[in-house]
Every structure is written in structure tokens, then in C-alpha cells.
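There are 2 protein chains.
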Amino acid sequence: MEAKAASERSADPLYLEDIQVGDLVETKEFTVTRDMIIAFAEQYDPQPMHLDEKAAHDTIFGELVGSGWQTLVLTMRLLVDARLLGGTPLIGAELKNIRFHAPMRPGNTLRAGAEVTAIRPSKSRPDRGFIDLKVTTRNADGMTLATQNWSLVMPLRSTSPERNYK
Amino acid sequence: MEAKAASERSADPLYLEDIQVGDLVETKEFTVTRDMIIAFAEQYDPQPMHLDEKAAHDTIFGELVGSGWQTLVLTMRLLVDARLLGGTPLIGAELKNIRFHAPMRPGNTLRAGAEVTAIRPSKSRPDRGFIDLKVTTRNADGMTLATQNWSLVMPLRSTSPERNYK
Chain A
56 MEAKAASERS ADPLYLEDIQ VGDLVETKEF TVTRDMIIAF AEQYDPQPMH
106 LDEKAAHDTI FGELVGSGWQ TLVLTMRLLV DARLLGGTPL IGAELKNIRF
156 HAPMRPGNTL RAGAEVTAIR PSKSRPDRGF IDLKVTTRNA DGMTLATQNW
206 SLVMPLRSTS PERNYK
Chain B
56 MEAKAASERS ADPLYLEDIQ VGDLVETKEF TVTRDMIIAF AEQYDPQPMH
106 LDEKAAHDTI FGELVGSGWQ TLVLTMRLLV DARLLGGTPL IGAELKNIRF
156 HAPMRPGNTL RAGAEVTAIR PSKSRPDRGF IDLKVTTRNA DGMTLATQNW
206 SLVMPLRSTS PERNYK
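Top to bottom, those sequences are chains A and B. Residues in the first sequence are numbered consecutively from 56, following the numbering used here. Residues in the second sequence are numbered consecutively from 56, following the numbering used here.
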């Protein structure tokens, strides 16, 4: 899978001190095919609306739609490729308020955005902190498919042994 | 992928009226391999700690671990196979409070449990309602890997046209 076009951060590691509330990363885009939708469903979410047009017709969706979980993991892929935190890995502490606003359909072109909403030092671990992000996944028509809030762990430059977060 | 051994509900559709707070479904189990962890990471979460033992050694995990997203989608697969709602599809309205307690390691055997914590009729749609579930994913040692809260849409038997939820 190759995502196309957009801003990419450098591979240098980012630390909590480098992040500001309001920081926004927009990803490249990725077009999901019918075959990808069915392949994902066969492995992880084998339900009629994700597997087969005919079976999907009789469901509440009325047509083949991607698993909501696939919308979420494609969002992750787009944000990894965009180097959301530069060379610092994306490590989820908590994922909250995941809502599905519209189904992902075959041929949909997805892009995601992540905006920093809060920055918090850890109370128990002086070498790390958390950033909260509002993550939005849209299709090419600008329709919102999913929204979620992430809390990610980040190292502090001031106190962190660098090897821990390579 | 084939899950092994455990209670399975029948394929008859379940309606909101059939569900009670405290209902608990336990899934079969599934063993994740190193190759599955790497294959998932290559497609959806290509970060060093999920791709390669050597690269993982230098990360905060110190060893190859599965993507948290893979723990979540395997949990979905186990609950689909267990027919959590009988023949009624699992349609997520909201996923909340997803926490990762321990990483999934190559060779881990996963099983999941889902317990009904609340039942709510829809305020806007008389033909449906919501059930809230606490979902827990454990490995064979009984260690909790992930916990989450799901709100799923369910049809009401009394008011629902059956074809909508086939």
C-alpha cells in the first residue's frame, strides 16, 4: 500500500516539549478497493455487509461497506506514513470516543487529520507525558467517516534516555 | 483463521428485548503468530516494534510486539465468531475507553469476553436501541491485554422490519 501526496514530517524524533496545542498533521490519501474491503473482512470482521454485495443488500447498509475497524486501521496507517510524531513511535495509551459517521465504500479515497488538543506530563513517570489528539477520517468528498480521540505516550527531551524511544 | 473451542450462540437473530444487563459471552481462543504480527504491521501499522525483532529491541518494548490495533481487530474476529448477538450483525455506534494493558506477543493465545453493562432504547428511532458492553481481551495466562467499552446498535423485535437486520 502506498499513500499519495501531502506534508510529511522529518524522521527526527519529536519530544513532548516540541508539541503545541493546535498542532495539526494532515495525511496523504489512500484509495480502498473492493478487494481490500473483502480481504480485511475475511480475516477480521467476517459479517455479511463486509463480505459480499448480494449478502450486503439485505442488511441495514443495503450495499457492500468496509468494516469500521478497517477505517480505523487505515487511519493509523495514514498517520504512521505522515510521521505524526516525526521519528517518535505512535504508542497509544488510550483511544476514546470512536464514532462512525458514514461507512467506507469501495473506491473511497481516505485522508486523515490529527490535531493536538492537550499536553499532559505523566504524574508517575518523569521521563514521559501524554498528548491528546482529535483524529478525523474523511473521504474525498469531505464527508467525515470516523472521529476519535487518542492519548499517545511521548518522551520528554529533558529527562528521557534517548534509546527508549528510538 | 480458525478459532478453537467454546460456547457459540445460535444463528437466530437477537433483538434488544432478548438482551439483559449482565449477559456474558466468552469467545473461543486464537493463537497469533510472528508472521501474522508482521503481516498486519506491514499493511496497517508499519512501526519498528511491530516489524522486526532487531529494530524492536531498540524501542521502549525491547522485543517484537503486535500492533495494539491488531489486538483490537482480533478481538472483533473472536466476538463475530462467537455470534455475540446471534444472527444480528455487530454494528458499532461508539467505541470508548480503549486501553492497552499489555502488548500482544508472538505465540500469545487470545480470548475475549463481552459483558452487557446497559441497555438503552434510541431516543430518535423507535425501531432500535443500544447495548453497552465491557469487552476484555486476555491471553492464555489470564493477563489482560486490552479493555474497551462498545455501544452497539440493535433492532427492537416489537417495531423492527426484520429485513433490516438480517
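It is worth saying that the hints were derived from the structure and are not from the lab. There may be inaccurate statements among the hints.
Copies of the same chain are indistinguishable here, so a pair counts whether it falls within one copy or spans any two.
[To be verified] With a Cα cut of at most 30 Å, we get these calculated BS3-like pairs of lysine-lysine: (1) K83 x K109; (2) K83 x K189; (3) K83 x K178; (4) K189 x K109; (5) K178 x K189; (6) K151 x K83.
Status of each hint after checking the structure:
Taking CA atoms no more than 30 Å apart as the test, K83 paired with K109 passes between copies only; the shortest distance there is 29 Å, against 33 Å inside one copy. For a Cα distance limit of 30 Å, the shortest separation of K83 from K189 inside one copy, 17 Å, qualifies, whereas the shortest one across copies, 34 Å, does not. In the homo-oligomer, the alpha carbons of K83 and K178 never lie at most 30 Å apart, since the shortest distance is 35 Å inside one protomer and 38 Å across protomers. Within a single copy, K189 and K109 get their C-alpha atoms no closer than 36 Å, and across copies no closer than 33 Å, so neither meets the 30 Å cut-off.
Both within a single protomer and between protomers do K178 and K189 lie at most 30 Å apart by alpha-carbon distance, with minima of 22 Å and 27 Å respectively. For the homomeric pair K151 and K83, the shortest alpha-carbon distances inside one copy (24 Å) and between copies (27 Å) are both at most 30 Å.
In this structure, the hints that do not hold are numbers 3 and 4, in rising order.
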